[in-house]
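Number of protein chains: 2
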Amino acid sequence: MPPFHSLDDLVELVTTELARGDLSAVASALGSAPMPEVAVLLERLPAGDAGVAFRLLPKDEAMTVFERMDAPAQREVVAQLSDADVARVFSELDPDDRVALMDELPAKIAKRLIQDLPADERGGTAIILGYPVGSVGRRMTPDYVHVYPHERVGVALERIRQRGGDAETIYTIPVIDDERHLLGVVSLRELFFADPDDAVETHMATALYAHADDDAEVTARTLVDRGVLAMPIVDRESRLIGLLTSDDAHRMVEAARDEDEAHAGAAEPLRRPYLTTPVFAVVRSRIVWLFVLAVSAILTVSVLELFEATLEQQVALALFIPLLTGIGGNTGSQAATTVTRALAMGEVRPRNAWPVALKELRTGIVLGVTLGAVAFAIATTFYGIGIGTVIGLTLLSVCTISATVGGVMPLVAKSIRVDPAVFSTPFISTFCDATGLIVYFSIAKSVLGI
Amino acid sequence: MPPFHSLDDLVELVTTELARGDLSAVASALGSAPMPEVAVLLERLPAGDAGVAFRLLPKDEAMTVFERMDAPAQREVVAQLSDADVARVFSELDPDDRVALMDELPAKIAKRLIQDLPADERGGTAIILGYPVGSVGRRMTPDYVHVYPHERVGVALERIRQRGGDAETIYTIPVIDDERHLLGVVSLRELFFADPDDAVETHMATALYAHADDDAEVTARTLVDRGVLAMPIVDRESRLIGLLTSDDAHRMVEAARDEDEAHAGAAEPLRRPYLTTPVFAVVRSRIVWLFVLAVSAILTVSVLELFEATLEQQVALALFIPLLTGIGGNTGSQAATTVTRALAMGEVRPRNAWPVALKELRTGIVLGVTLGAVAFAIATTFYGIGIGTVIGLTLLSVCTISATVGGVMPLVAKSIRVDPAVFSTPFISTFCDATGLIVYFSIAKSVLGI
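The listed protein sequences derive, respectively, from chains G and P.
Note that UniProt numbering has the first sequence beginning at 1, numbered continuously upward.
Note that UniProt numbering has the second sequence beginning at 1, numbered continuously upward.
Because the hints were derived from the structure by calculation, they are not lab data.
Only a predicted model underlies this, so the values are computations on that prediction, with no experimental measurement involved.
A portion of the hints provided could be inaccurate.
Unchecked claim - From the derived model, a few chain G residues whose C-beta atoms are all more than 12 Å from chain P:
(1) SER82
(2) ALA110
(3) ILE114
(4) GLU151
(5) ILE287
(6) GLU308
(7) VAL366
(8) ASP433
(9) VAL447
What the hints assert, rightly or not - According to the in silico footprint, chain G covers these stretches of chain P (three or more CB under 8 Å from chain G):
(10) 36-44
(11) 76-88
(12) 185-199
(13) 272-284
(14) 341-354
The beta-carbon is built from N, C-alpha and C at its ideal position, and this holds for glycine as well.
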């Protein structure tokens with residue numbers, strides 16, 4: 001077994017040796033680690049160290065490591081390289097990774113880098129740059145191998161061996177006709193085990209494909225959900241123009257989920273590992289959301305002011321405010337979480353608003369009856385039948401309203417093209433709090449006759 | 001281009017044709033769809049339909065589709081097949097998928113199925129069953145191909161071609177010595193483009209591997225994060241015993257993330273697509289959490305009772321209760337979300353509790369000072385300097401406490417081996433509400449002198 005460090009040990013070792021200035025120890029540690037680990041290591045090193053470590057990588061591994069790093073880490077490494085080094089790294093990148101990096105760099109630098117590219121490298125990059133930001137055309141690779149349906153398997157394999165060296169993947173191979181129309185796909189595995197004299201088309205399968213104009217994130221999610229290794233990308237005439245690889249698709253889905261998760265927790269995702277992110281960057285990722293929530297929470301103050309006279313007559317009503325708003329908010333966010341997830345998985349669409357509302361209404365009623373009954377029993381025991389009735393009825397109404405609104409809100413957000421996770425959280429918490437309080441005091445006034 | 005339906009259309013078409021009883025139309029629709037789509041289709045059909053559709057699949061595709069389906073859908077299909085069909089499906093599964101399905105089936109059925117297996121199939125399954133539930137040994141495939149370091153590439157490729165037909169993947173190939181010790185890995189791609197006369201070891205790379213006893217979910221996440229296609233699994237003597245494939249790893253990570261996401265929204269994940277899940281199953285996924293939250297929210301009622309006299313003297317204090325508990329709860333859950341994510345990514349460990357606490361303390365102070373200053377200005381304008389001071393100081397304290405506790409709580413949960421997402425949500429919301437109210441009324445009493 002070759003010496004193998006856990007990633008934590010490796011990060012610690014490299015950081016220590018860099019601090020001591022022992023670059024040869026760093027180089028040998030990096031050389032013996034599996035390449036995918038090195039990419040993660042560089043992402044995790046403090047800002048200044050990543051550039052130094054990158055330059056210590058074996059030349060033939062450096063590019064593969066660079067392509068696997070995430071965009072912020074790439075940007076940092078680039079910032080620490082000389083202009084000549086940057087130009088070299090840039091020209092050696094795959095066209096799609098080059099475009100992804102360009103989207104991260106200042107426009108001026110990006111433009112100069114593309115002008116310095118050798119002519120034959122500029123072509124593939126230009127094709128990708130022709131598609132709008134956010135489309136899958138922008139994230140596909142134009143470096144792929146293809147085969148023809150009537151070709152013999154042995155001939156096809158030989159051609160892949162000779163010309164496929166630059167292709168980003170050779171495990172999924174598109175099958176096209178003479179006009180480049182996509183006919184299907186065949187896996188390298190199928191070809192590998194096939195009789196060399198078979199025609200390629202006998203091993204061809206129906207392709208899961210996308211159009212270059214399609215949304216990149218949606219396409220990537222489809223690829224990941226279906227568990228395929230690559231997806232052919234076609235133009236409007238169904239002609240093959242590129243491949244989306246599972247590597248790139250997974251990176252996109254991961255980034256999108258990070259963002260969703262952060263938004264569900266009412267924050268922006270951090271661009272760097274938590275422990276190396278400065279306090280002010282953490283504050284920045286949270287403060288905007290807190291202000292939005294705080295401003296909308298002022299609504300609850302205004303609602304309560306409307307009922308100040310009621311409160312003065314029955315101060316005991318104030319005791320239950322956090323309980324009721326808490327349960328309302330939670331019922332709403334449970335519904336929103338479920339529906340947001342179902343939206344992301346493609347199980348539900350905005351046009352399903354009606355069945356979703358109905359299901360959440362019924363769910364809310366069941367939840368409300370259950371919680372309301374228990375709360376009625378407990379509150380009646382301790383505070384009398386009047387307060388008990390108020391609490392029980394309020395919970396029934398609050399659960400029903402919150403579940404329904406919480407369930408429908410992500411669909412509304414989606415249909416007005418706002419990120420459901422971004423829109424739902426502050427809206428639901430404010431809405432549930434405000435309506436909950438109005439319902440509570442209205443019920444209290446009529447039941448208690450105040 | 002072969003006829004190709006979008007998944008939505010396909011689900012609708014199959015459901016309609018099944019209702020009309022036109023099984024041949026269903027069979028031809030299923031036959032023309034890409035196979036990964038069919039697996040998702042079956043997961044999405046109403047319970048009774050999935051079994052019928054499965055039996056209409058072409059024989060050679062049925063197993064691949066079955067292996068790609070998630071566990072609840074597999075269980076449903078199995079429930080609708082005859083005993084003989086189940087035995088056939090079971091014996092044709094890969095050993096690791098077989099074990100995964102067994103974990104889902106009632107123990108009695110599982111036991112009978114394994115007894116009915118042909119002897120040669122029982123071996124691989126038994127190896128996997130020897131490892132504890134939750135370990136990666138339980139999820140690896142024992143069907144792999146391997147190569148030796150001194151072997152020539154041409155010889156190795158020929159042997160893979162002859163013996164690799166049953167292997168779950170041939171794209172990542174472990175390199176072992178004569179005692180089966182893992183030496184490294186080589187990709188099929190490398191071998192494919194290599195000179196047939198090269199020794200395999202000249203193309204070997206350091207392997208990213210795991211021990212069979214390692215946690216399955218952690219190992220799967222490492223594989224996905226590092227973007228490799230398969231990971232060798234070794235026993236305690238570093239001997240190769242299986243491979244974890246990226247297919248299986250992605251499915252495990254996806255399931256884990258679904259669970260985390262649901263828990264962060266205070267619910268259990270649904271086992272079926274949202275629209276086909278009955279209302280009572282939705283209620284069941286939420287009611288336990290709501291009760292936990294409701295019971296802990298009773299704490300806020302008790303806290304407020306302590307301050308009932310203060311409230312009676314200054315009813316205006318009640319107006320700000322939802323605002324303050326809302327901001328406190330949000331600050332806490334922002335911190336918890338960030339740290340839970342960092343834990344899942346391996347960026348932070350329980351032993352980092354101190355730097356995490358310090359970072360969140362500082363973040364909380366900055367957030368508190370900012371929000372507190374704004375709130376002080378607004379509240380002073382409308383309610384006078386007394387209330388303004390109370391609100392400002394309370395926000396400062398509440399943000400600081402909530403961020404620190406919210407940040408540390410996931411680490412505490414992890415170190416006592418509780419799921420951070422499960423433990424943090426109810427705890428943080430209750431804790432932040434209760435301490436927030438105590439701080440609020442204590443500050444109010446001393447500032448307003450009541």
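Results of checking the hints against the structure:
1. SER82: 29 Å, holds
2. ALA110: 25 Å, holds
3. ILE114: 27 Å, holds
4. GLU151: 17 Å, holds
5. ILE287: Since the minimum Cβ distance to chain P is about 6 Å, G:ILE287 lies within 12 Å and the statement is violated.
6. GLU308: 6 Å, violated
7. VAL366: Not fine: 5 Å to the nearest Cβ puts G:VAL366 too close to chain P.
8. ASP433: Given that some Cβ of chain P is not farther than 12 Å from that of G:ASP433, nearest at about 5 Å, it is violated.
9. VAL447: 18 Å, holds
10. 36-44: holds (count 5)
11. 76-88: violated (count 0)
12. 185-199: Answer holds; 4 residues pass the 8 Å Cβ test.
13. 272-284: holds (count 7)
14. 341-354: n = 8 at 8 Å, threshold three: holds.
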